[in-house]
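All chains should be modelled from the sequences, with the hints used to inform the complete structure.
So you can see what is in the structure, the chains are spelled out below.
Protein chains: 2
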Amino acid sequence: MSSFGLGLRLSKVTVELAAGIARRNQTVKSGAVSLACSRLQHVDQSQSLHTLSAHTPARSRSRLLQEYNNTSCNLVNFVRNMSAETLPDPSNLIFRQLFDYQSYTYTYLLADKDTKDAILIDPVIELVKRDLHLVEDLGLNLIYAVNTHCHADHITGSGLLKEKLPNCKSIISGNSGAKADLYIDEGDQIKFGNLALEVLSTPGHTSGCVTYVLRNETGTPVIAFTGDAILIRGCGRTDFQEGDSGMLYDNVHGKILSLPPTTRLMPAHDYTGQTVTTVKEELQFNPRLTKTKEEFIKIMQELNLPYQKR
Amino acid sequence: MSSFGLGLRLSKVTVELAAGIARRNQTVKSGAVSLACSRLQHVDQSQSLHTLSAHTPARSRSRLLQEYNNTSCNLVNFVRNMSAETLPDPSNLIFRQLFDYQSYTYTYLLADKDTKDAILIDPVIELVKRDLHLVEDLGLNLIYAVNTHCHADHITGSGLLKEKLPNCKSIISGNSGAKADLYIDEGDQIKFGNLALEVLSTPGHTSGCVTYVLRNETGTPVIAFTGDAILIRGCGRTDFQEGDSGMLYDNVHGKILSLPPTTRLMPAHDYTGQTVTTVKEELQFNPRLTKTKEEFIKIMQELNLPYQKR
Chain A
1178 MSSFGLGLRL SKVTVELAAG IARRNQTVKS GAVSLACSRL QHVDQSQSLH TLSAHTPARS
1238 RSRLLQEYNN TSCNLVNFVR NMSAETLPDP SNLIFRQLFD YQSYTYTYLL ADKDTKDAIL
1298 IDPVIELVKR DLHLVEDLGL NLIYAVNTHC HADHITGSGL LKEKLPNCKS IISGNSGAKA
1358 DLYIDEGDQI KFGNLALEVL STPGHTSGCV TYVLRNETGT PVIAFTGDAI LIRGCGRTDF
1418 QEGDSGMLYD NVHGKILSLP PTTRLMPAHD YTGQTVTTVK EELQFNPRLT KTKEEFIKIM
1478 QELNLPYQKR
Chain B
1178 MSSFGLGLRL SKVTVELAAG IARRNQTVKS GAVSLACSRL QHVDQSQSLH TLSAHTPARS
1238 RSRLLQEYNN TSCNLVNFVR NMSAETLPDP SNLIFRQLFD YQSYTYTYLL ADKDTKDAIL
1298 IDPVIELVKR DLHLVEDLGL NLIYAVNTHC HADHITGSGL LKEKLPNCKS IISGNSGAKA
1358 DLYIDEGDQI KFGNLALEVL STPGHTSGCV TYVLRNETGT PVIAFTGDAI LIRGCGRTDF
1418 QEGDSGMLYD NVHGKILSLP PTTRLMPAHD YTGQTVTTVK EELQFNPRLT KTKEEFIKIM
1478 QELNLPYQKR
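Line by line, the protein sequences are chains A and B. First residue of the first sequence: 1178, per my numbering; consecutive thereafter. First residue of the second sequence: 1178, per my numbering; consecutive thereafter.
If you're looking for bench data, these hints aren't it; they were derived computationally from the structure. Where hints are given, some of them may not hold.
Said to hold, decoys possible - Stretches of chain A that chain B covers, calculated by requiring three or more beta carbons in the stretch to come under 8 Å of a beta carbon on chain B:
#1 1267-1278
#2 1304-1318
#3 1450-1464
The C-beta atom is built at its ideal place from N, Cα and C for all residues, glycine as well.
So, in structure tokens, the structure goes:
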């Protein structure tokens, strides 16, 4: 990006921030906003950084640097976020978390704000109409129906989505044994617009379970869609035919809980009304996965869960 | 903030971004990250912007501006977000959306990352144990139990929260007729740490309905907690004693849908498995509130809804 381009951007920021101050002075009294505004008091909208040149007097230059400081709230926030609980999403991400009250399944809609290319993770057949309505409202182009695994508790919406949108392709792990247009495995990428999900193979609940990782512009993972591998303060059952507690433990610890502690974990299900957790939280508070591998295997053996209705 | 302070921050960003590139080169291939990395290829970690002075030769100065461009991904993203669907939350916000499967109520946990002061919006009595567990896990200090209005469909958790945490105060509108420690009205602030919610009086569903607005560091509204005033593609019923369709229409349009189109709207309820909407979306797609006031009043009169179980 040219410094001129940046200059234009800085001017826009300056105007926006000045507008922010105006609004602030009318109403907002919070410490955070006061802090932001105290950084902005000296912003001079008549100048922006791209005007800096060899001919700029030292005084103006220092004022321009002061302006740079003043207009850099978000750069500062970015640094503050380096130690935050979570990191911001990629700036071109459109994201929606959707829920099925029947099977307690989370479906995730992700899209590139610029290209409008969209994907649905773990759609539920009964809710395809709702999901397509939202896709249409947001003006998105759904290109993939992506599954984290072959679900025992609900029927995927992939097939119905493909019927309604012939250009939409279904995706699942090659190890799932399920039928799809595209099969993915460890290290693969699912690209939508200028965004992509990376595939981590995380079997243990089923043989074909995968986790999808979204990174921000700096390459740092920000969200992992974990399917049933790890749930909020829980994990997927391992007593089905393809279940393997030891394998689940190794994959969750080796691939998911080894992501940065700030990584948000968004599972395929929750039964407690929670919507998200983080690697840091599950490393501290997951009642099963904080145990040793041997203890974990014993816990999973002794769950004696009822079989799913569906 | 001093330019030296900024320099330190820039150096940290540079290191982080370089680390980002390293990770990126191992694994990530998405267009977005490629774009980010192409901006970063020329970053020189030995210099940062605060070293720029009257003695800096023009060539170095232009290289430093190039470095500034390269290390400013997030400032660029910030500018891109000016035209985005939604804006990032304040960087010091901890945020959780929680749900009650019985009354379809959303409870929101907000906290200041730095001070750990926290508030709960619309807690549900049956789920106080869950909410307190999360507050404890996140190491937060719950100072307020905040209600958007007096609910007909569930009992607030405020009382039980105050029993469990004697220092926690309950908050509701003075017009609600309900009992609380603190009564708020239009223009008031609910401060927690360095963050604050602003109160907008938005009656119509009940006389005491309020909307709470959270702004980011620039003073721009990013989230409005709308209670039952506006729901995702819907709105609260107006056939109870305190209901007034015309008043609801005027308040929703005059105070909520007049916020920036990027403002996320987070209601007290949803019955379709959706978690969030935006001002822009509801202005386009709300089946009731896109109508004229007269049409809206007629629609609300003819809903003939069953009375709530609770």
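- Count the residues of the segment 1304-1318 of chain A whose CB lies closer than 8 Å to any CB of chain B, then report whether that count reaches three. holds (count 5)
Closer than 8 Å, Cβ to Cβ, for at least three residues: run that test on the segment 1450-1464 of chain A against chain B and report holds or violated. Our answer is that it holds, as 7 residues pass the Cβ test (under 8 Å) against chain B, meeting three.
Item checked: Coverage claim, chain B over the segment 1267-1278 of chain A, checked by counting residues with Cβ within 8 Å (three needed) -> holds (count 10)
Hint compliance for this structure: every hint is met.
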